[in-house]
Amino acid sequence: MDNIWIGLIGSLLALDTTIVFQFLVSQPLVTASVLGWLMGDLQLGIQVGFYLQLLWLRNIPVGGAIVPEGNVAAIVTTCLVLRYHSDMVYFNSVMVLAVIYGVAISYLGGEIVVMYRKFNVNLLNWVLNGLKRVKLLPLNLAPFGSILVYFTVMFILIYISVTVGDVLFKQISNIPVAWDDYFRFGLVAILGIGVGLVVSLYKQKDDRFLLAIGFLLGGIIFLIK
Amino acid sequence: MRNQKKLPILTGLGVFLRSFFIQSVWNYRSLLSVGFAYCLIPIASRLYRNQEERVAFLKRQMSFFNAHPYFASYALGAISRVEEEKPSDPDLVERFKNALIGPLGAIGDQLFWGTIKPGCILLAMIGVLLIDHLHLLIGYFILMLICYNVPHLLIRSIGIQVGYREGLEVYKLLKSERFNKYRLIYRVLGAISLGFVIGFSIPQYGQINPVLAAVFGLSIFGSYVFHRWKHSFYRNTLIIITAAILIGVITENI
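Residue numbers (our numbering), protein chains in the order written: chain A, 1 to 225; chain B, 1 to 254.
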């Protein structure tokens, strides 16, 4: 799939993060699955989404909080893993390196959101000036203008990130295949980091009991399965 | 008779559909104000025939405002009602809006971002661990999205009607205890699901290599402690991943 299409689909899904709807389709589990399906490997897409999801689940987009753009990171990471895993020979290496790359992109995404919100002050002024002149058109158009700006900026970010990622990840074949086993530990850590972040959402006394029930259930079902 | 009053369906639908765009012009000066005024355009059209009056109404909505995007619908409904009654105190609308910011933000953030969202996502993750059939898994994901979006859409639509019905009295309904039973359901589901992911993954990794299971446990602990101690998500993530890879290099070469 062409980088332009990935940018378009990614930025469309990114709108759901905070700008419009907020139906949850921008969550990495959904985003990575959609991209996996479009790129011809739904199962791998779901697997990537599974590892990424918890890293950004704890982010709460309240007020002016600047949160890492997990959605954009998921798009870039999924795309790179699907392209460069080389029939799973380099799955662990590509996955870990793509997540690290994705985390860096999520930082950039967060910073871009700050700039975008500053830009929106211009739209606010435009709307206020319109109302002063007894005109409603600016108020009617401002949301769509803002959406278009966000979409464009995210498109550029995803397009550049995937293009630069292509250049970097082409070098993956230079990594000895045996090293992929070391990276497996990093991959396990990614899930662990996510779990550790989300655990802090469940810190009431009752939650510990519920976590323990879930833990036992998980262990038992694993043994049965 | 106050509580019998309902917003006309088409006007309510107009506000509801526009409410999906409430955060689209979020900015650092007035936060949600542009989106809020944009949502109220159908109300302005209903209440006032001439453009000057409509604009004056919308100008009043352009002051600083913030709320949880779904729960803002309560404010949209309530402001519509208050404006319809044409209060004699010109500052009432602004004071009322300011008074709603706290409850609308706190309840919505706790309920949706802190409970329903993690609950649904964690439930979806169990599906990845247990369901091998891809079509079934996709069906399960869709079910989880429905589990999230039913309360989401209900709050958006009911909020407008309830806000309009109650007007200035809406604050009486905006108490977190009212939503406790919903919070409880999703919190239980979320906590059990998270425990499940841990309980399932540890033996799964242990079967491949016991050190992997240990690294998984250590990274959970490290991430939890690091996050409480220092909040840098980026640095903590990088440190733990690097440490895990180093453990891999050391143990695989012994």
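Mixed in with the good hints there might be a few duds.
[Said to hold, decoys possible] Pairs of lysine-lysine residues, derived as DSSO-like cross-links and limited to a Cα-Cα distance of at most 27 Å, are as follows: (1) K205(A) <-> K86(B); (2) K5(B) <-> K175(B); (3) K59(B) <-> K5(B); (4) K86(B) <-> K5(B); (5) K172(B) <-> K86(B); (6) K175(B) <-> K203(A); (7) K5(B) <-> K172(B); (8) K230(B) <-> K203(A); (9) K118(A) <-> K135(A); (10) K118(A) <-> K59(B); (11) K86(B) <-> K132(A); (12) K205(A) <-> K230(B); (13) K135(A) <-> K86(B); (14) K132(A) <-> K118(A); (15) K230(B) <-> K175(B); (16) K6(B) <-> K230(B); (17) K86(B) <-> K59(B); (18) K181(B) <-> K203(A); (19) K181(B) <-> K205(A); (20) K132(A) <-> K59(B); (21) K135(A) <-> K59(B).
These are computed hints drawn from the structure, not numbers from a lab.
Being a predicted model, the structure only gives us computed values, none of them experimental.
Tested hints:
Taking the CA atoms of K205(A) and K86(B), the gap is near 49 Å; set against the 27 Å cutoff, the hint is violated. For the hint pairing K5(B) with K175(B), the CA-to-CA distance comes to about 22 Å; that is within 27 Å, so the pair holds. With a CA separation close to 26 Å, the supplied pair K59(B) and K5(B) stays within the 27 Å bound. Among the hinted pairs, K86(B) with K5(B) is consistent with the structure: their alpha-carbon atoms are about 16 Å apart, no more than 27 Å.
Under the criterion of a C-alpha separation no larger than 27 Å, the hint pairing K172(B) with K86(B) is consistent with the structure, at around 21 Å. Distance restraint check for K175(B) and K203(A): the Cα-Cα separation of roughly 22 Å lies within the 27 Å cut-off, and the hinted pair is therefore satisfied. At roughly 18 Å between alpha-carbon atoms, K5(B) and K172(B) fall within 27 Å of each other, so this suggested pair holds. Pair hint K230(B) plus K203(A) holds up; C-alpha atoms about 18 Å apart against a cutoff of 27 Å.
Between K118(A) and K135(A) the alpha-carbon distance is near 24 Å, which keeps this suggested pair within the 27 Å criterion. For the proposed pair K118(A) and K59(B), the alpha carbon gap of about 21 Å is at most 27 Å, so the pair holds. For the suggested pair K86(B) and K132(A), the alpha carbons sit about 21 Å apart, so the restraint of at most 27 Å is met. Distance check on the hinted pair: K205(A) and K230(B) sit about 24 Å apart at the alpha-carbon level, within 27 Å; holds.
Restraint check for K135(A) and K86(B): satisfied, since their Cα atoms lie roughly 22 Å apart, inside the 27 Å limit. Between K132(A) and K118(A), the direct Cα distance comes to roughly 22 Å. Compliance with the 27 Å bound is thereby established for this hinted pair. In summary, the hint linking K230(B) to K175(B) is not supported, as the alpha carbons are separated by about 33 Å, beyond the 27 Å threshold. About 50 Å separates the Cα atoms of K6(B) and K230(B), which puts this hinted pair outside 27 Å; it is violated.
As the CA atoms of K86(B) and K59(B) are separated by approximately 15 Å, the hinted pair is consistent with the 27 Å bound. Of the pairs offered as hints, the one joining K181(B) and K203(A) holds, with about 18 Å between alpha carbons and a cut-off of 27 Å not exceeded. Between the alpha carbons of K181(B) and K205(A) the distance comes to roughly 17 Å, so the proposed pair stays at or under 27 Å and holds. For the suggested pair K132(A) and K59(B), the alpha carbons sit about 9 Å apart, so the restraint of at most 27 Å is met.
Straight-line distance between C-alpha atoms of K135(A) and K59(B) comes to about 11 Å, which keeps the hinted pair within the 27 Å bound.
When the structure is compared with the earlier hints, violations turn up for hints 1, 15 and 16 and for no others.
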